[in-house]
Structures are given as structure tokens and as C-alpha cells.
Amino acid sequence: MLFRKPKYATIPLPKKKIETPEGLWIKCDECGELIYKKDWHASQMVCPECNYHARLGAKERLQLIMDEGVEEFNQGIKSVDFLGFIDSKSYSQRLEDAQKKTGFLDAIITVKGSIQGYRVVAGILCFDFMGGSMGSVMGEKIALAVNECIKENVPLVIFCASGGARMQEGTMSLMQMAKTSASIARLSEAGIPYISVLTHPTTGGVTASFATLADIIIAEPKVLICFAGPRVIEQTIGQKLPEGFQRSEFLLKHGLLDMIVPRKEMKDTLGNILKMLYY
Amino acid sequence: MITGSLPFETPIDELEERINSLSTVSSEKTKEEARQLQKEYEELIQRIFSSLTPWQKTQLARHIRRPCILDYIPRIFDEFIELHGDRLIGDDRAIITGMARLNDETVFIIAHQKGKDTPTNIACNFGMPNPEGYRKAARIMRLAERFKKPILTFIDTPGAYPGIEAEEKGQGEAIARNLFILSGLKTPVIATVIGEGGSGGALAIGVADKVLMLENAVYSVISPEGCAAILWKDRSRTEEAAATLHLTAKDLLELQIIDEIIPEPAGGAHRNYDEAAQKIKKVITRHLNKLKNIDIPALLEKRYEKYQKMGKFIVE
Ligand SMILES: [Zn+2]
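In order, the protein sequences belong to chains F and Y. Using the working numbering, read the first sequence as starting at 285 and increasing by one per residue. Using the working numbering, read the second sequence as starting at 669 and increasing by one per residue.
None of these hints come from the bench; they were simulated from the model. Glycine is no exception: its CB is placed at the ideal position from the N, C-alpha and C atoms. Wrong hints could be hidden among the right ones.
Claimed, not checked - Here are some of the chain Y residues that sit facing chain F, going by a computed Cβ distance under 10 Å:
#1 A828
#2 E836
#3 G852
#4 L871
#5 I925
#6 G979
Claimed, not checked - Restricting the straight-line Cα-Cα distance to at most 35 Å, the calculated cross-link-like pairs of lysine-lysine (DSBU-like) are:
#7 Y:K958 to Y:K970
#8 Y:K980 to F:K435
#9 F:K362 to Y:K901
#10 Y:K784 to F:K524
#11 F:K396 to Y:K980
#12 Y:K949 to Y:K918
#13 F:K384 to F:K311
#14 Y:K901 to F:K373
#15 Y:K901 to F:K385
#16 Y:K970 to F:K435
Stated by the list, open to error - Covered stretches of chain F (chain Y as the covering partner; in silico rule of three or more C-beta atoms under 8 Å from a C-beta of chain Y):
#17 360–369
#18 423–429
#19 467–480
#20 491–497
#21 514–520
Sequences and hints are given; from them, build the entire structure.
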């Protein structure tokens with residue numbers, strides 16, 4: 285039986301004729317469906333129609349995953365424009381703009397707290413801050429987070445979202461890959477678990493360092509996870525890439541992830557893993 | 669016209685050709701002329717090479733006649749046994765690994781191989797490794813550690829290969845794993861950038877106790893072309909991007925990303941392979957002799973501290 289007629293034909297629904305007063309509705313980036321804003325937030329920015337996981341801010345992520353009583357540490361570490369890097373804007377200006385836009389000093393926050401009662405140190409990358417790019421600050425904060433894990437004997441959880449290394453810091457940003465990987469190696473040697481959660485998108489230098497060095501690697505559904513971005517590959521090979529290439533489901537199939545976990549189950553799953561591995 | 673001559677090298681190459689043509693005649697008059705031209709030639713090189721821009725250095729680092737690892741191996745080492753394969757899926761020709769003898773001692777070699785003409789370029793994928801290349805390197809790292817032999821790596825790549833299969837096989841993880849392994853590997857590691865140090869694909873064999881760089885080599889987070897395309901959306905601003913990225917050996921020594929610059933023969937490594945090889949050998953030997961005398965725990969601590977210190981930031 286090679287072909288079987290589906291029992292139900294899928295009939296496209298007529299487009300709902302609804303008024304969209306400014307700010308009441310949100311249009312899903314993936315399927316285009318209009319979602320009532322309250323429902324959108326209630327579903328943790330996951331489209332109820334197509335299960336698209338929209339980007340979650342670092343603070344919202346914290347709220348969703350961590351138990352109450354989170355303490356941020358090393359929040360005062362700031363980037364400097366040590367190369368005098370100017371493209372269409374100066375790096376100093378880019379930093380200032382990103383700080384205003386996000387309220388963060390750089391593209392990562394690190395916190396101490398717990399998940400389902402299990403103590404952790406967590407790092408949350410902030411994609412809205414210069415594409416979550418890794419410069420000296422991200423390198424230093426991850427290194428310090430690892431030191432904290434070793435000192436306190438608690439696991440590390442990092443939520444990744446990054447466009448890669450921060451070009452404005454030149455080769456020094458590349459060195460952050462070495463620095464963070466060396467830290468993760470120390471954590472591993474100390475026998476302390478590290479879980480990384482890959483969220484949309486995780487690419488470049490972050491993929492090629494701490495993001496893929498975790499003991500357990502989890503991804504949200506449909507996340508773009510890659511070293512080389514799809515556009516670079518398309519230019520190199522001169523052809524269009526297949527649908528779903530470099531997405532979570534593709535990586536799972538190729539053995540590069542432990543699991544894909546929808547947002548609403550993330551906290552429970554993390555809690556269970558922490559319990560089974562270490563508590 | 670000499671193959672692959674760069675625009676700013678043309679006067680040098682022209683003079684070189686004139687000197688070479690004179691060398692076939694042996695009258696007193698031509699000998700005197702040749703001596704005069706030789707002097708001019710040296711001054712010309714000195715003048716051009718003392719003020720190279722970062723983009724010109726990038727071009728030199730990628731020079732089609734620039735010696736690559738297969739040119740250096742017989743000139744630096746006494747013996748070499750190549751070792752193949754990652755024991756998983758293949759043998760990546762973009763990374764050459766093996767054992768060699770240096771001053772009567774065994775060292776392990778891990779190096780990018782770019783090739784020098786179309787057939788050799790294609791055979792080694794222009795020095796752009798796939799995950800199996802990095803995993804072969806990882807296997808050799810462990811082998812060297814097990815037999816307590818130092819590792820010498822030689823960096824010369826435009827970057828890791830951006831291809832469908834490379835991604836399917838986990839290019840990111842393959843690179844990350846090597847950073848992880850090298851950072852704690854219980855044997856001395858010396859990395860030398862001999863040509864182009866292209867981003868993560870270079871760093872994957874570049875975490876080391878000492879990082880050395882040839883005078884005209886470059887080492888960057890992204891190619892000047894890529895940087896110009898992303899930041900200015902304009903590929904014609906490549907020269908500007910090269911300067912902004914601070915990718916020259918001199919820049920990186922100032923930033924303490926590398927430990928020493930190895931001088932090149934006058935006019936660049938491609939003008940005298942033997943001399944370039946001897947210069948590399950001398951500096952590597954000096955570092956190796958020092959590293960050998962440090963006990964392993966202290967060596968690892970120093971390596972770790974070195975990378976922990978990398979970064980420029982302020983604390984409020
Ligand atoms: Zn949707």
C-alpha cells in the first residue's frame with residue numbers, strides 16, 4: 285500500500301476577517317496567523333497554530349525557567365572598543381545603542397538560582413544585543429560562571445542564541461572560543477554537569493565552542509543551529525538548501541543533539557535531567 | 669610575468685628577472701651591472717616591504733607561491749611518517765598529520781594543507797577541513813599525549829569548509845571538541861600560523877602553549893571580504909576591513925594573542941623556501957626546548973591562565 289488517501293481533506297480556512305487594533309494582536313512570523321496578544325504571552329510566545337517558538341528575551345527566559353529568587357552576578361562587566369572599530373557605525377556607538385535597546389550591558393547575563401528546586405548557575409544569551417555575538421565580555425562571564433560552578437559544586441546551564449563571534453573585537457573574539465572551551469573542559473574535569481539549551485538561532489563561534497561542548501544538548505523546536513550559515517553555504521555550493529536543513533529536527537536526526545524540548549516542557553525537563561544526573 | 673605575482677610585487681619580480689637574465693652572461697661588465705641591480709633589488713624590497721598594508725599582507729599570506737606545509741616538512745624535519753584518517757568516516761586531505769623527527773626527537777605534526785595549483789588545491793579542498801579533518805587531528809592529539817611527544821601545528825586555511833555534509837557531521841562540534849582537547853592536553857603544543865589563519869577553522873588546531881606567526885601571515889575572526897560584505901554590504905571595502913580587523917602578526921603580538929613573530933626572508937617566504945624553513949625551525953626549536961623542561965601540571969596551568977587572560981573589558 286504505497287499511497288493511501290487521507291481520510292480528511294485539508295481545506296484551507298477562509299481568512300478571518302478581524303479588526304486588528306494596534307497592539308492587541310500579534311502576527312506569527314512563521315504561519316502568519318493572528319494571535320490574541322494575551323494568548324501569545326500565555327503560551328510563552330509559542331504560536332498555538334503552528335508551534336513556532338518565537339524569540340524569547342533573556343529576562344522572559346529567566347522567568348520561565350528559573351525558580352523565584354534569582355541572583356545575577358558579574359553584571360558590571362562591560363565591553364570596550366579597544367580596536368577603534370568603525371564600520372557604518374563605531375563599535376562604541378553600537379554598544380551604547382544595544383545597551384539602550386536591551387537594558388543589558390552585553391549579550392549575556394549570568395545568574396545563580398535554582399530550577400525545580402535544583403541549584404544551578406545559568407547563563408542566558410541575549411540575541412537582541414548585537415545578535416548575541418561573543419566578545420570579551422561573554423567569554424569572561426562564561427569563564428567566571430564556570431568558576432562559580434566549581435566553587436559551589438553546582439551544574440551549569442547555558443541558553444544559547446547567537447550570530448557568532450563579535451567581529452568588532454577582531455581576533456580577540458575568536459580567542460573567546462578557546463577561553464570558554466578551556467573553562468568547559470575544567471568543569472568537565474571537575475565532574476560537574478553542563479547542559480546547553482540551543483535556542484533560535486545558535487550559529488558560528490558559539491556553535492563551535494561552548495554550545496556544543498555540553499554533557500547534555502537540548503534544542504527548542506525548529507531552531508537554526510549551524511557553524512556556517514545557510515547563506516554562506518548556498519554561496520559556496522551554488523544551490524538552494526533543502527527545507528529544514530540545519531534545524532533542530534535535522535540535527536537530532538544526525539546525532540548532534542540529545543533531544544528537542546518544546547518551551548512549555550523545558551523547565552520540567554531540565555529539572556528531571558538535573559535530578560537524574562547530579563541531585 | 670611570474671605566476672601569481674601581486675600588483676605591488678611587480679617591480680620586484682621584473683628586477684629579479686633582469687638579474688636572472690644577466691647571470692647567464694659572465695663578462696666583467698655584466699657582473700658589475702648584476703651587482704648594481706642586486707643592490708637596487710634589495711633596496712626595492714626593503715622599501716616596499718617596510719610599509720605593507722594589512723590587505724597586502726593578507727595577499728602575501730595567500731600568495732600562490734607561498735610555501736605550504738608540504739614544502740616545509742622536508743626542509744624542517746629529518747623524517748616524516750604521515751598518519752591518515754579519523755577512524756570514523758574518512759581521511760581529510762585538508763589536514764595533514766603525522767610523526768616527524770626534529771633535532772633527533774619525535775614530534776607530532778598537525779597542519780592545514782592548501783595546495784598550490786588547481787589539482788593540488790582541489791585534492792585538499794583549498795585547505796578547508798571537514799569535520800573528519802578535525803577529528804583526525806583530535807585522534808593525533810590523543811596519540812601524542814599518550815606517547816608524551818610534543819605537538820607542532822601549522823595553520824594555513826581560509827576556514828572550515830562551509831558545506832552541507834560538513835554541517836550534517838557537526839562541523840561546529842568538531843571544532844569545539846578540539847579547543848576542549850587542546851586546552852587540557854598533557855603534552856607541549858606549539859602552533860605556527862604560516863599563511864592564512866581563517867577563523868574557527870584555524871583556531872581548531874591553534875590552542876597552544878606558544879602561538880607563533882610568520883611575519884606576513886594573518887589571523888582573523890573573519891576574512892576581510894566577508895567582513896566588508898557583512899558590515900558595509902560592500903565587497904569593495906575589503907582593504908578597509910583588513911585594516912580594521914587588526915589581523916597582522918604585529919597587531920596580534922601587541923594584543924598578546926600570539927607570542928612571537930618569525931621573520932620572513934626578504935620579499936616574503938615565497939622568495940626563499942629554505943631560508944623561511946630555517947627561520948621557523950630555529951624559533952620552534954628554541955620554544956620547544958623551554959617547554960620540555962616544564963612539568964606537565966605547570967604547563968597546563970600556564971596554558972589555561974594564558975587563555976583565561978584573553979579579553980578586553982572594563983568592570984564597573
Ligand atoms: Zn504560527
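Structure-based check of each hint:
Nearest Cβ of chain F to the Cβ of Y:A828: about 7 Å, under the 10 Å cut. The hint holds. A cut of 10 Å between beta carbons decides the hint on Y:E836: the least distance to chain F is about 5 Å, and the hint holds. Because the beta carbon of Y:G852 sits about 5 Å from the nearest beta carbon in chain F, less than 10 Å, this interface hint is met. A least Cβ separation of about 6 Å between Y:L871 and chain F falls short of the 10 Å threshold, and the interface hint therefore holds.
Given hint, Y:I925 at the interface with chain F, holds; its Cβ is 5 Å from that chain's nearest Cβ, closer than 10 Å. About 3 Å separates the beta-carbon of Y:G979 from the nearest beta-carbon of chain F, less than 10 Å, and the hint is met. The hinted pair formed by Y:K958 and Y:K970 meets the criterion: a straight-line CA distance of about 13 Å does not exceed 35 Å. For the hint linking Y:K980 to F:K435, the alpha-carbon distance of about 24 Å falls within 35 Å, and the restraint holds.
Restraint check for F:K362 and Y:K901: satisfied, since their Cα atoms lie roughly 28 Å apart, inside the 35 Å limit. Under the criterion of a C-alpha separation no larger than 35 Å, the hint pairing Y:K784 with F:K524 is consistent with the structure, at around 30 Å. For the proposed pair F:K396 and Y:K980, the alpha carbon gap of about 24 Å is at most 35 Å, so the pair holds. Of the supplied pair hints, the one linking Y:K949 and Y:K918 holds, its CA atoms being roughly 20 Å apart against a limit of 35 Å.
For the suggested pair F:K384 and F:K311, the alpha carbons sit about 26 Å apart, so the restraint of at most 35 Å is met. Annotation: proposed proximity of Y:K901 to F:K373 holds, straight-line Cα distance about 13 Å (limit 35 Å). A distance of roughly 23 Å separates the Cα atoms of Y:K901 and F:K385; the hinted pair therefore holds under the 35 Å criterion. Among the hinted pairs, Y:K970 with F:K435 is consistent with the structure: their alpha-carbon atoms are about 20 Å apart, no more than 35 Å.
By the rule of at least three residues with a Cβ nearer than 8 Å to a Cβ of chain Y, the coverage given for the region 360–369 of chain F holds, with 8 such residues. With 3 residues having a beta carbon nearer than 8 Å to a beta carbon of chain Y, the region 423–429 of chain F meets the requirement of three or more and the stated coverage holds. Residues of the region 467–480 of chain F with a Cβ under 8 Å from some Cβ of chain Y number 6, which satisfies the need for three, so the listed coverage holds. Check result for the region 491–497 of chain F against chain Y: holds, 7 residues qualifying (beta carbon to beta carbon below 8 Å, three or more required).
Note: the region 514–520 of chain F has 3 residues with beta-carbon separation from chain Y under 8 Å; the three-residue rule is met and the coverage holds.
Checked against the numbered hints given earlier, the structure satisfies every one of them.
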